[in-house]
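There are 2 protein chains.
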Amino acid sequence: MSTLFKNADILVRKEGKIGFLRSAYLGVDGAYIDYVSEKAPAKEYNAVKDMSGKLLIPGLVNAHTHTPMTLLRGVGSGLPLQRWLFEAIFPVEDKMTARDVVIGARFAILEMLACGTTCYQDMYWDYGELAPMVLESGIKVNAGAVLQMNDPSAQWAKDFFERRFAATERFFKEYNNAGDGRIHANMQIHSEYLTVDESLERCAEMMQRYGMEVHTHISETRSEHEECIGRHNETPIAHFERFGLLDTGAVCAHCVWVSDEDLDIMARKGATMVHNPSSNLKLGSGIAPVSKAIAKGVNVALGTDGTASNNNLNMFEEMHIASILQNGANNDPLALSAQEAFDMATINGYKALHRDDCGELAEGKKADIVALDMDKPHLLPDADTLALLVYSAQGSDVCMTMVDGKVLYENGEYKTIDAEKCKTEYLAAAKALLG
Amino acid sequence: MSTLFKNADILVRKEGKIGFLRSAYLGVDGAYIDYVSEKAPAKEYNAVKDMSGKLLIPGLVNAHTHTPMTLLRGVGSGLPLQRWLFEAIFPVEDKMTARDVVIGARFAILEMLACGTTCYQDMYWDYGELAPMVLESGIKVNAGAVLQMNDPSAQWAKDFFERRFAATERFFKEYNNAGDGRIHANMQIHSEYLTVDESLERCAEMMQRYGMEVHTHISETRSEHEECIGRHNETPIAHFERFGLLDTGAVCAHCVWVSDEDLDIMARKGATMVHNPSSNLKLGSGIAPVSKAIAKGVNVALGTDGTASNNNLNMFEEMHIASILQNGANNDPLALSAQEAFDMATINGYKALHRDDCGELAEGKKADIVALDMDKPHLLPDADTLALLVYSAQGSDVCMTMVDGKVLYENGEYKTIDAEKCKTEYLAAAKALLG
Numbered sequence: 001m002s003t004l005f006k007n008a009d010i011l012v013r014k015e016g017k018i019g020f021l022r023s024a025y026l027g028v029d030g031a032y033i034d035y036v037s038e039k040a041p042a043k044e045y046n047a048v049k050d051m052s053g054k055l056l057i058p059g060l061v062n063a064h065t066h067t068p069m070t071l072l073r074g075v076g077s078g079l080p081l082q083r084w085l086f087e088a089i090f091p092v093e094d095k096m097t098a099r100d101v102v103i104g105a106r107f108a109i110l111e112m113l114a115c116g117t118t119c120y121q122d123m124y125w126d127y128g129e130l131a132p133m134v135l136e137s138g139i140k141v142n143a144g145a146v147l148q149m150n151d152p153s154a155q156w157a158k159d160f161f162e163r164r165f166a167a168t169e170r171f172f173k174e175y176n177n178a179g180d181g182r183i184h185a186n187m188q189i190h191s192e193y194l195t196v197d198e199s200l201e202r203c204a205e206m207m208q209r210y211g212m213e214v215h216t217h218i219s220e221t222r223s224e225h226e227e228c229i230g231r232h233n234e235t236p237i238a239h240f241e242r243f244g245l246l247d248t249g250a251v252c253a254h255c256v257w258v259s260d261e262d263l264d265i266m267a268r269k270g271a272t273m274v275h276n277p278s279s280n281l282k283l284g285s286g287i288a289p290v291s292k293a294i295a296k297g298v299n300v301a302l303g304t305d306g307t308a309s310n311n312n313l314n315m316f317e318e319m320h321i322a323s324i325l326q327n328g329a330n331n332d333p334l335a336l337s338a339q340e341a342f343d344m345a346t347i348n349g350y351k352a353l354h355r356d357d358c359g360e361l362a363e364g365k366k367a368d369i370v371a372l373d374m375d376k377p378h379l380l381p382d383a384d385t386l387a388l389l390v391y392s393a394q395g396s397d398v399c400m401t402m403v404d405g406k407v408l409y410e411n412g413e414y415k416t417i418d419a420e421k422c423k424t425e426y427l428a429a430a431k432a433l434l435g
Numbered sequence: 001m002s003t004l005f006k007n008a009d010i011l012v013r014k015e016g017k018i019g020f021l022r023s024a025y026l027g028v029d030g031a032y033i034d035y036v037s038e039k040a041p042a043k044e045y046n047a048v049k050d051m052s053g054k055l056l057i058p059g060l061v062n063a064h065t066h067t068p069m070t071l072l073r074g075v076g077s078g079l080p081l082q083r084w085l086f087e088a089i090f091p092v093e094d095k096m097t098a099r100d101v102v103i104g105a106r107f108a109i110l111e112m113l114a115c116g117t118t119c120y121q122d123m124y125w126d127y128g129e130l131a132p133m134v135l136e137s138g139i140k141v142n143a144g145a146v147l148q149m150n151d152p153s154a155q156w157a158k159d160f161f162e163r164r165f166a167a168t169e170r171f172f173k174e175y176n177n178a179g180d181g182r183i184h185a186n187m188q189i190h191s192e193y194l195t196v197d198e199s200l201e202r203c204a205e206m207m208q209r210y211g212m213e214v215h216t217h218i219s220e221t222r223s224e225h226e227e228c229i230g231r232h233n234e235t236p237i238a239h240f241e242r243f244g245l246l247d248t249g250a251v252c253a254h255c256v257w258v259s260d261e262d263l264d265i266m267a268r269k270g271a272t273m274v275h276n277p278s279s280n281l282k283l284g285s286g287i288a289p290v291s292k293a294i295a296k297g298v299n300v301a302l303g304t305d306g307t308a309s310n311n312n313l314n315m316f317e318e319m320h321i322a323s324i325l326q327n328g329a330n331n332d333p334l335a336l337s338a339q340e341a342f343d344m345a346t347i348n349g350y351k352a353l354h355r356d357d358c359g360e361l362a363e364g365k366k367a368d369i370v371a372l373d374m375d376k377p378h379l380l381p382d383a384d385t386l387a388l389l390v391y392s393a394q395g396s397d398v399c400m401t402m403v404d405g406k407v408l409y410e411n412g413e414y415k416t417i418d419a420e421k422c423k424t425e426y427l428a429a430a431k432a433l434l435g
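Protein chains in written order, with our numbering: chain A, 1 to 435; chain B, 1 to 435.
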């Protein structure tokens, strides 16, 4: 199956710098882009789609989220952090079944596709239950079983770690590269504060053996960062580095309280900072040093975190907030450029998730493409298309989301998920959990 | 003409606290709400509208903007502040005609209505040219001629001030309370830094004579705040207070750098802080002390500022950013509650604009009503409706905007503005101005 988009405005890169082709052509053959030009192609395509008034951009990457938590959207709002977790979130999570987790994650995919997310990194449970549903949906995910060690003196915690450790290996063997690479299995270590040295050693060994990469929470809150220094006389980043856990291009969510030295380590190791501005602001965690990280050469990607602390999965919103937040926090209108913010939401995210064949609308790249309807009052005039994308556009401007050459969402319709059935199951699950 | 909305969820207040009626009735007769209840009314209405799956909320108030600047959306993005103003914005503004100003403002109204804004405060030019168009659109505005004194040693600047001073009085006499009160004329003093003491004295005299209120920019940037102290040995707020300009409930936009004493003065005088989070962040101005202002009893409203520094007029976005920004900046997840953020966008805005007959869905209040379509992936489940409104909802969820009992926007259709003609004129004007 091949498709030619014509009369489209297309976001392209020339030596890294973003520019736009006008009234141009983009050809898709199978899962790949095979043509991008302002001139018509010689090749004939099976289908031709007129994209007048539409802008094609690379799909957005949500580099850190917990999709099944859609079921917990808004739960415990207004409580202080510890009470929110222990009184509102954990008691509901304790009741969640594997079926709930799949139902919540599937509903999250509806939301993500509708606002242009083509790829995400998830952290929840043993991901084996989720993988078949994700494959069916057609979206891309990096995931694995979540490793944590709540209490090294308790047998249940040790058993839990062992089960998840085995699940990590099993998931990798069964699902890594499944769906022509749409699933990328990795090693999910919850955080420094929910591990012990012995478990980190074993993780590092398995990571090396399979060539996995680590996804973890790092220095989200000041207390977490400082308590690690108290325990180990080193920061969470330095602690993970000591075990070799950053050696394969780790993805470190949050990094609100990382030190300058931490950023140097991350740059040297090729580790990614995933900035989650909405969640970090909402929970009062603080503002991550994004501009400084970029200046030091750290790859910075963008995430929504879970809906319980956001409360949505809208990457346009994250891109917009990220783009202006650094300026405000640094009292510098040039602290983060529009391109830097857009790159965080797209190409840097794909890089973080070790997907170098995505993130650009260029020949030979995977066809992960989002179309925006630019004929809206808030998107006119078009004096600066990149500024429109970053500062004015909304997730609701997305009119088509394509992954690996397959349209998954178009004008309110989902092509791979029965949205009505999915909603009915979701609302029933939410009712059973929340009452 | 009377209309009954049935099967609606309705945001109401009980002793100030926000709650929700479910599957309820709201009756509108003429410009006023005359019925709100979960029980059906005895009265018969001319029309009955089924609002199943919809949530009715009070219209949003954009308490500080410059609507004709839609024509400048995205212009000069990426330039530092002074170069942005002097090299990008001012040269285009110098070319703008009265017709451009009307065309830009009318297009802004399309954008505002589509995302639920029912009332705004505008600052641009001599507002006389704009008033007939605004009246025709049906939206509410507080406005006046913008008073500024660029250079007290230059005759052109003195003449300019005199023209605008006369225009302020003329606009007040001609348009105050026009359209059954939809236009509210006030005194627009650009800022402390674009005035001299003599002009402030004259403004204060006219303000007292007509019972006008002042709308002004206050302490937006650190340098502006500190230069005022250097000139007058007092802050902009203290300076305005000395001339009596805060005596009638002034509306002070930005207030990023106000001191604790300034906030005390504002609370005592009943002056309003208009928080413009997107603009303040984007321009690197900083983060206003909103939580502190509320704690001190200052009325805090919300604005978008102009699209040149935002870059849209989406009050849902401002409400969302405001709600999480204070938490992040103060490292406190409870720094600003969902209700405080919602109040800033609605009832506090109406209060700031001296419109006590608006801002609540209650009998006897003006029917400024927005309906949201809640049947969207990002708005389910409904565990906490207020949290959904503040943290999850998008401007694009608005499906109806009513002002004074008249539907102005519904499901993409405008009832009082020829949107296609308006767009054609707008794009032509933008092209002539921007090339």
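The set of hints was computed from the structure by calculation and includes no laboratory data.
Some hints could be false.
A pair holds if it fits inside one copy or across any two, identical chains being indistinguishable in the list.
Unchecked claim - Here are the simulated DSS-like pairs of lysine-lysine, each with C-alpha atoms no more than 30 Å apart in a straight line:
(1) 431 / 17
(2) 376 / 423
(3) 431 / 39
(4) 95 / 376
Hint check results:
{"no.": "1", "hint": "431 / 17", "verdict": "between (48 Å within a copy, 25 Å between copies)"}
{"no.": "2", "hint": "376 / 423", "verdict": "both (29 Å within a copy, 10 Å between copies)"}
{"no.": "3", "hint": "431 / 39", "verdict": "between (54 Å within a copy, 26 Å between copies)"}
{"no.": "4", "hint": "95 / 376", "verdict": "between (44 Å within a copy, 25 Å between copies)"}
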